[in-house]
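As you go down the protein sequences, you meet chains A and B in turn. By our numbering, the letter at position 80 of the first sequence is numbered 94, and the numbering carries on one by one without gaps. By our numbering, the letter at position 42 of the second sequence is numbered 68, and the numbering carries on one by one without gaps.
If you are wondering where the hints come from, they were derived from the structure by calculation, not from laboratory data. Note that beta-carbon positions come from the ideal geometry of N, C-alpha and C, so glycine has one too. One should not assume that every hint holds.
[Said to hold, decoys possible] Below, a list of computed lysine to any residue pairs in the SDA-like style, where the Cα atoms sit at most 25 Å apart:
id	chain 1	residue 1	chain 2	residue 2
1	B	K80	A	E113
2	A	K116	B	P66
3	A	K116	B	R71
4	A	K116	B	P139
5	A	K116	B	P33
6	B	K29	A	F118
7	A	K116	A	Q68
[To be verified] One-sided excerpt, in silico: chain A residues whose CB lies under 7 Å from chain B:
id	residue
8	K116
9	F119
10	S121
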Amino acid sequence: KAGVTQTPRYLIKTRGQQVTLSCSPISGHRSVSWYQQTPGQGLQFLFEYFSETQRNKGNFPGRFSGRQFSNSRSEMNVSTLELGDSALYLCASSLGDREGEKLFFGSGTQLSVL
Amino acid sequence: LAKTTQPISMDSYEGQEVNITCSHNNIATNDYITWYQQFPSQGPRFIIQGYKTKVTNEVASLFIPADRKSSTLSLPRVSLSDTAVYYCLVGDAGSSNTGKLIFGQGTTLQVKP
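In isolation and in its complexed conformation, chain B is listed as follows (with noise of 0.2 Å):
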């Protein structure tokens, strides 16, 4: 399984665009990069999964270079109620591993008003 580098904390503003970057250097062929977000006491939530180039849903972007060695994972126009752990992970999502995740330290986002 991949190790993943991400900044242990970044601070914002409401309303910034917020970009979390991700290091994953031994990424393997088979690997997807998930995104989860966690809220103090709370279980994490899925954010958002690519493999490739960029994927986008109603809460986040994620864009991936060519070479997959990094991610980031883009949070547009960020509100107070956004301060949260992020946790980047990567790792092979095949069918029988799909309960099985590795997280790193997380980046803990503080958004300030």
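If we strip away everything but chain A, and leave its shape as in the complex, we get (with noise of 0.2 Å):
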């Protein structure tokens, strides 16, 4: 069975452009997240969207967001890029509705903003 697909994996762009970085989850997995992580913050929760929608949230501003299309597969856009946006995005799936389940992640997409 595939693991999690991340696209690219690594991107580098400039101040003010914007991004968008490619998920596919595990085949049969509707649930997907996005999280960040920077030596300075650790891992943070972006996002997480089941069956195309998007059911929880984490607290990052309006210029991050998110979707997910009907075969589950989702896309994280950063608009209006800062240099702070630099770091590692990962993406994680699950079935998504079972409790306590694990997560499997992606590699990730190593984002540099210059």
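Each of the two chains sits in its own frame; use the hints to bring them together as a complex.
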């Protein structure tokens, strides 16, 4: 069974640009969550999508948005990039409807904002 | 969501047993205790999860005392490849919260030869 796939693996952007990251969950998984990881703030929850609807949201500004398609694939968008958005962005998937489920993470997209 | 406290770093040698303790004084009745492992430039990987007493799987054991205010992850006979960051998470693992995990600062385990 293929794992969680994130593309691209690395990305370099400049301030003010926007970026779209992609995540393909494990087949059959309907929940996709996004996380931001930085050396200073650690791993922080961005949002979760389940069956194409945002189910949970973290404390990030509106520049961070996402969506989920009918095949459960998800995209995350960051508009008007700031230097502080440089981070490893991780996507995780799960079935999403069972108590105590574990998440399966991808290897992430390393975003550098110059 | 209960806050967790764990040591920032630990050192060990190959072949030793490693125990990492996590404090979660404000754990709620519905909260599970979950541990993840993360290697550099990779996403976290689920290790083990428990609610009370002891849980064991092929890679680790999790000990939870009766008051559930702490938990201990036990890694038997560690090897160099166990060098990683270990996160203790406590939260409502209900079916509508499965995707939302709150990570603390984690414990960096360094295994030496």
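Hints, one by one, checked against the model:
no., hint, result
1, B:K80 <-> A:E113, "19 Å, holds"
2, A:K116 <-> B:P66, "20 Å, holds"
3, A:K116 <-> B:R71, "9 Å, holds"
4, A:K116 <-> B:P139, "32 Å, violated"
5, A:K116 <-> B:P33, "23 Å, holds"
6, B:K29 <-> A:F118, "23 Å, holds"
7, A:K116 <-> A:Q68, "19 Å, holds"
8, K116, "4 Å, holds"
9, F119, "3 Å, holds"
10, S121, "5 Å, holds"
Of the numbered hints listed earlier, the single one contradicted by the structure is hint 4.
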